[in-house]
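Put together the whole structure using the sequences plus the hints.
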Amino acid sequence: MQDDTEERNSGRDSSKLSDQCKNISVSEIMSRDPVSFREDDTIEGIIKVMLEYPYHIYPVVDKRRNLVGTIDPGNVLEFLFFERIPRNNHTHLMAVRSLSETAENLMVDHPLTVDEKTDLCDVADLMMKHHLERICVVNGQKLQGVVSKLDLIKKIFSLRSN
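Going by this note's numbering, the first residue of the sequence shown is number 129, and it counts up by one from there.
Think of the hints as simulated: they come from the structure by calculation, not from any bench. Since the model is a prediction, treat every value here as computed from it, not as a measurement. Watch out, some of these pointers could steer you wrong.
List time: in silico SDA-like cross-link candidates among lysine to any residue, alpha-carbon distance up to 25 Å [claimed, not checked]: (1) K245 to E180; (2) K191 to P239; (3) K270 to V189; (4) K176 to E261; (5) K257 to S286; (6) K176 to T230; (7) K245 to H258; (8) K282 to D250; (9) K176 to R192; (10) K245 to K282; (11) K150 to S289; (12) K277 to N194; (13) K270 to T241; (14) K282 to V266; (15) K282 to H184; (16) K277 to L208; (17) K176 to V196; (18) K191 to L287; (19) K283 to D161; (20) K270 to L280; (21) K176 to K150; (22) K270 to T170; (23) K257 to D243; (24) K150 to K277; (25) K277 to H259.
Cβ pair distances, simulated, as ranges [to be verified]: (26) F209 to N151: 19 to 27 Å; (27) L240 to P182: 15 to 23 Å; (28) E172 to M256: 33 to 41 Å.
Yeah, the Cβ is synthetic: ideal placement off N, Cα and C, and Gly gets one too.
Right, here's the structure in full:
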């Protein structure tokens, strides 16, 4: 009988958390001024930064700090080992990336983003749906920050504790 009560309380706690996270915008928990790359950064510079700051994704910005793409370690690995990928698995994009050693050609264009006013529930839904560790936060096209699953977990855990 105690198990039933715990399940019902857990459901109420979950509902309460959902209500709370709908009232908190991602801008309250995001990391501002994230490690990012410029379009003309070289592969050598990118790798050095990745080794110093090991994240799952890195924003790529233009001169006006507009988000133009993202790079992840998988993009770099494909570049470094392009010749080892079976030819029948080559894509046009992979071929183009293998010809250039700048962030602009390594990056994934049009990454999934959220506006800085997006609530935490919507951010969590996107992360779970698309299996993302981090999402870039924008205001229009301007990069404002990055939010990670751990940022969300930390905030939700603090709400649960209160």
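Kindly indicate which numbered hints from before are broken by the structure, ordering the numbers from low to high.
Per hint list: 1, 16, 18, 21, 26 violated.
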